[in-house]
Every structure is written in C-alpha cells, then in structure tokens.
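Number of protein chains: 2
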Amino acid sequence: MPNPTAAMLVIGDEILSGRTRDSNMHHLAGRLTEHGIDLVEARVVADRAEAITEAARALSVAYDHVFTSGGIGPTHDDITADCIAAAGDAAIDVREDARAILQAHYDARGSELNEARLRMARIPDGAVLIENPVSAAPGFTLGNIHVMAGVPKIFEAMLAGLLPRLKGGAPMQSRQIRVDRGEGDIAGPLSEVARAHPEISVGSYPFTTEDGFGVNVVIRGSDPAALDAAMEKLRGHFPEGRE
Amino acid sequence: MPNPTAAMLVIGDEILSGRTRDSNMHHLAGRLTEHGIDLVEARVVADRAEAITEAARALSVAYDHVFTSGGIGPTHDDITADCIAAAGDAAIDVREDARAILQAHYDARGSELNEARLRMARIPDGAVLIENPVSAAPGFTLGNIHVMAGVPKIFEAMLAGLLPRLKGGAPMQSRQIRVDRGEGDIAGPLSEVARAHPEISVGSYPFTTEDGFGVNVVIRGSDPAALDAAMEKLRGHFPEGRE
Numbered sequence: 189m190p191n192p193t194a195a196m197l198v199i200g201d202e203i204l205s206g207r208t209r210d211s212n213m214h215h216l217a218g219r220l221t222e223h224g225i226d227l228v229e230a231r232v233v234a235d236r237a238e239a240i241t242e243a244a245r246a247l248s249v250a251y252d253h254v255f256t257s258g259g260i261g262p263t264h265d266d267i268t269a270d271c272i273a274a275a276g277d278a279a280i281d282v283r284e285d286a287r288a289i290l291q292a293h294y295d296a297r298g299s300e301l302n303e304a305r306l307r308m309a310r311i312p313d314g315a316v317l318i319e320n321p322v323s324a325a326p327g328f329t330l331g332n333i334h335v336m337a338g339v340p341k342i343f344e345a346m347l348a349g350l351l352p353r354l355k356g357g358a359p360m361q362s363r364q365i366r367v368d369r370g371e372g373d374i375a376g377p378l379s380e381v382a383r384a385h386p387e388i389s390v391g392s393y394p395f396t397t398e399d400g401f402g403v404n405v406v407i408r409g410s411d412p413a414a415l416d417a418a419m420e421k422l423r424g425h426f427p428e429g430r431e
Numbered sequence: 189m190p191n192p193t194a195a196m197l198v199i200g201d202e203i204l205s206g207r208t209r210d211s212n213m214h215h216l217a218g219r220l221t222e223h224g225i226d227l228v229e230a231r232v233v234a235d236r237a238e239a240i241t242e243a244a245r246a247l248s249v250a251y252d253h254v255f256t257s258g259g260i261g262p263t264h265d266d267i268t269a270d271c272i273a274a275a276g277d278a279a280i281d282v283r284e285d286a287r288a289i290l291q292a293h294y295d296a297r298g299s300e301l302n303e304a305r306l307r308m309a310r311i312p313d314g315a316v317l318i319e320n321p322v323s324a325a326p327g328f329t330l331g332n333i334h335v336m337a338g339v340p341k342i343f344e345a346m347l348a349g350l351l352p353r354l355k356g357g358a359p360m361q362s363r364q365i366r367v368d369r370g371e372g373d374i375a376g377p378l379s380e381v382a383r384a385h386p387e388i389s390v391g392s393y394p395f396t397t398e399d400g401f402g403v404n405v406v407i408r409g410s411d412p413a414a415l416d417a418a419m420e421k422l423r424g425h426f427p428e429g430r431e
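In order, the protein sequence lines correspond to chains A and B.
Note that the first sequence covers residues 189 to 431 in my numbering.
Note that the second sequence covers residues 189 to 431 in my numbering.
Here chain A stands alone, though its shape is the one from the complex:
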C-alpha cells in the first residue's frame, strides 16, 4: 500500500518579503519522512483570506493530509482559523474548551485574557484541538487539515503531539554514496540504476569544495532490500565512491 500523502501550507507575509526564513517546512519534511507520510507539495501564501482558503481547499482535496503553519496568533493579521473553517465549510466561534485552556494559562501568569487573546480560542465546529505545550493557545485538526503555529518552537511541539495520532506508512529510508566526479560524467549510470529500480528515487546533488567538486548520490525508498540492491549496482559503477 502506498504511503499517505501530504502537503504543507505556510502562511505569512514575512516569508514572502524575505524578512523571515521559513524553517517549519524543513522540519516537517524530516518528521513526515520518518513517519512514513510522503510530503508531495508545499505552498507559501500571504496573509490574505482568499489565498489561504483557496490553497487549503485545493490541497485538502488533492492529498491525505494538509499541515499549515502560521497565522493563529492574537493580532489582526492572524486569520488562518477563520480561513480553514471557510475551506472546510465549518462554523467558527470562540469555543469553550479552547477558552478554558487560555483562561487557565493567563490566570496562572496574572495576565488578562483580553479580546485579542480570546481570538485564539476561535476554533471551527467539529475540529479536534492540537495541544500547545509552549504558549497554551491550541492548534486544531479540521477534517484532514492540521493547523499549527508559525513560531518554530511551537510548530515543532504541536507536530510532536499530533504525529502519533496519524497513521503512517513504511518510513522512507535512504542510502548515500559520494563520487568525486562531475554530474555529467555519472548521469548515464545513474539513469540505468533509476530505470532498473522504478520503486526507488535516485537523486544526485552536486557540490563544490575548496579542493574540487563531486556529487552525492542519494537513493530513497521504503523497501530496504531494493535499496541494498540498487546500492550494490552503484558500488559497481563507482568503485571509488565513499559511503
């Protein structure tokens, strides 16, 4: 059975303006690979309602899971929850379970659960909360869309809590061999190996160092025996390769 598929939707003007460099995509990619869920596509959109809703809807139809990051804080540009509710045709309002979590959090700190903060308790009907062990305000899962915070520490903590709930497939594994030749010199053999093992992805990643250049050849797949067989062929083609 093929692995479940997933897309990521990163929400935030700050990524597209170059102010902030996204790190959640890279983190999610690694965790999903370990969990046996294939990340197939990622999109970054600005803090505009129509863009968020349309992308969420399109990705939700196309993939088994959609993971979003960003736009669930207390300020005017935090509109993700309402957009996901719209994408899922769900009603949304302040929900008592989320309000109770926030109330307890701010009470414990002597802070006020003011109107702005209360926006973070807006959760679509039918959604399941995702715990936020860092700053309390929860994420949520609505249908196959998992809504999480943009701050990396919070995104990572939410994902750690969420992933065990999701059924994974066979974890993708990889093997690597480094060949100190030009990519154009090894393209023929690589192509042969890729053709012989259609169940495996064969990637080549050229690099330069101060001393010269080379290629890291990476093969990926969920069947260890197939990976071993392909690796054997690569060793035959590149006896000088380093693993």
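Take the hints with a grain of salt, since some may be wrong.
Since the list gives no way to pick one copy over another, a pair counts as held whenever it fits inside one copy or between any two copies.
Only pairs whose alpha carbons sit at most 20 Å apart, straight line, appear in this in silico SDA-like list of lysine to any residue [as the list claims (entries may be wrong)]:
| no. | residue 1 | residue 2 |
| --- | --- | --- |
| 1 | Lys341 | Thr396 |
| 2 | Lys341 | Arg369 |
| 3 | Lys341 | Arg209 |
| 4 | Lys355 | Val316 |
| 5 | Lys341 | Leu317 |
| 6 | Lys355 | Ser248 |
| 7 | Lys355 | Val249 |
| 8 | Lys341 | Ala324 |
Quick caveat, the hints were computed from the structure, so don't treat them as lab data.
Fit chain B to the supplied structure of chain A, relying on the hints for placement.
Then chain B, alone, in the frame of chain A:
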C-alpha cells in the same frame, strides 16, 4: 501603479524529503523586495513532470513573473526545461547557442560534452538564455517564466544577471519597532494602525529570549511618507519601544 507580482516554483524531491533545506526562496524574496516586485506565492513540487507543468502553467497565468529553481542539470531527474516548454506550448530541442556555450566550457576544461551534458542545451523555442557565470549551463526565460538552477550559488548568480532586465516597481521599504510586551497586549493598537493605513502592511513577530519575551512590529510599504506616519502612531502607542 501597483508593483509587478511574482511567484516562485521550487522543483526538487530533496526539499520535500527533508534532505536539503531550500535557501533560494529566501534569497529571491529579498532580491525581489529590493527590486519592487511583489512575491505573492511560492510552491515546492517534486521531480514529477505533471506536477511541474501544472504548477508552472497555473502560476504563469496568475502572476506577472514566475521564477523556478532546480531540475536543469544533466541527470535523468532534471526535467524542468521540458516541463516548462510543455507549460508554454513551445517546442524544445538542443539549441545551437546553448550547445556552443557548453562546448566552449568543456573544451576549456578538457572534458567531454557527452550526451548527458548535452541535455543541458535543451532550450525551448523562443526562450531567451539566462547566463550562468558559475558552471556555464544556461537558464532561460520563456514568456514570463524564468528558469534557473537549484544550486544556490548558481541560482543567485543567474538571478543577479536576470533582474536588471525586469521592470520593477517601487521598492518595498520597512520600519521596525521592538516592544517588550506580549503580542496579545499590543494587538488592539496594532489593529488600529493597520486600519488607519490600509496601504501599509503591519506585521507582528513575537520572540522569546532568555530574559523574557517581546514582539517585533514591522510595517512595510512603498510610500515612505505613509510609513513615517504609521511609525509615528506606533511610537505614540509604544513609547518604550526600541527602533
């Protein structure tokens, strides 16, 4: 007149598997902001022909410019040029101008322009070449799609050569003020400033340090006078703020 709009299309399994962390998106975002082109969306897709062609076509229709990175090397998984040709309904084959560039490059190094490397001379009919000062193999512009390499050093060099050809608008500028309070405490005033200055984007970026927490408030826009006026209001709301 509003600034030209743009999307980025990142092509590569290695980003989605978590093996490689993309850096071209962040670089492009910064350069486009300086040049007065608004990056509105970004997508990352795998090395699959249908995914690349469909995304390129959709983005090309929706925005003034599309910038792609990745998939133009000599190996079997480098299929971007053919996919962009398909998206633009252009024929594609080895083109003499590109072949001459590669021939000169490999002749100078005593390397062979073999069949694999010759694939890098496949350029769609009607495309304009983008110079590659690092490793010779050119990118190209077909219609409003600019096709560049994935290796960051090459991507950045190609972009530096390309950007002066593209008409930019008013460069986006930003101002920043740091407020050592919780985001929920300043959301009200921020919302007021955002409403009063619809031509400006008002973003808030919470952070934590070892000593506590705070928010960086960033306003962005292309009209310096409007930015100054909004900044004055922020100073009134947050007299303790640091710029």
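Intra- versus inter-copy proximity for Leu317 and Lys341 (alpha-carbon distance at most 20 Å): Classified as within: same-chain Cα gap 18 Å, cross-chain 43 Å, threshold 20 Å.
One pair to classify: Lys355 and Val316, alpha carbons no more than 20 Å apart. Within, between, both, or neither? So Lys355 and Val316 pass the 20 Å test inside one copy only (16 Å; across, 47 Å).
Within, between, both or neither: how does the pair Lys355, Val249 come out at a Cα-Cα threshold of 20 Å? So Lys355 and Val249 pass the 20 Å test inside one copy only (18 Å; across, 37 Å).
Taking 20 Å as the upper bound on the Cα-Cα distance, should Lys341 and Ala324 be classified as within, between, both, or neither? For Lys341 and Ala324, only the intra-copy Cα distance (13 Å) is at most 20 Å; the inter-copy one is 41 Å.
Reference check for the pair Lys341 and Arg209, CA-CA at most 20 Å: within, between, both, or neither? both (14 Å within a copy, 18 Å between copies)
With identical chains, the pair Lys341 and Thr396 could be close in the same copy or across copies; at 20 Å between alpha carbons, which is it: within, between, both, or neither? Close across copies (10 Å), not inside one copy (33 Å); limit 20 Å.
Give the relationship of Lys355 and Ser248 under a CA distance limit of 20 Å: within one copy only, between copies only, both, or neither. within (17 Å within a copy, 36 Å between copies)
Given identical chains, is Lys341 near Arg369, meaning Cα to Cα at most 20 Å, within a copy, between copies, both, or neither? For Lys341 and Arg369, the Cα distance is within 20 Å only across copies (19 Å; inside one copy 40 Å).
The structure shown violates none of the earlier numbered hints.
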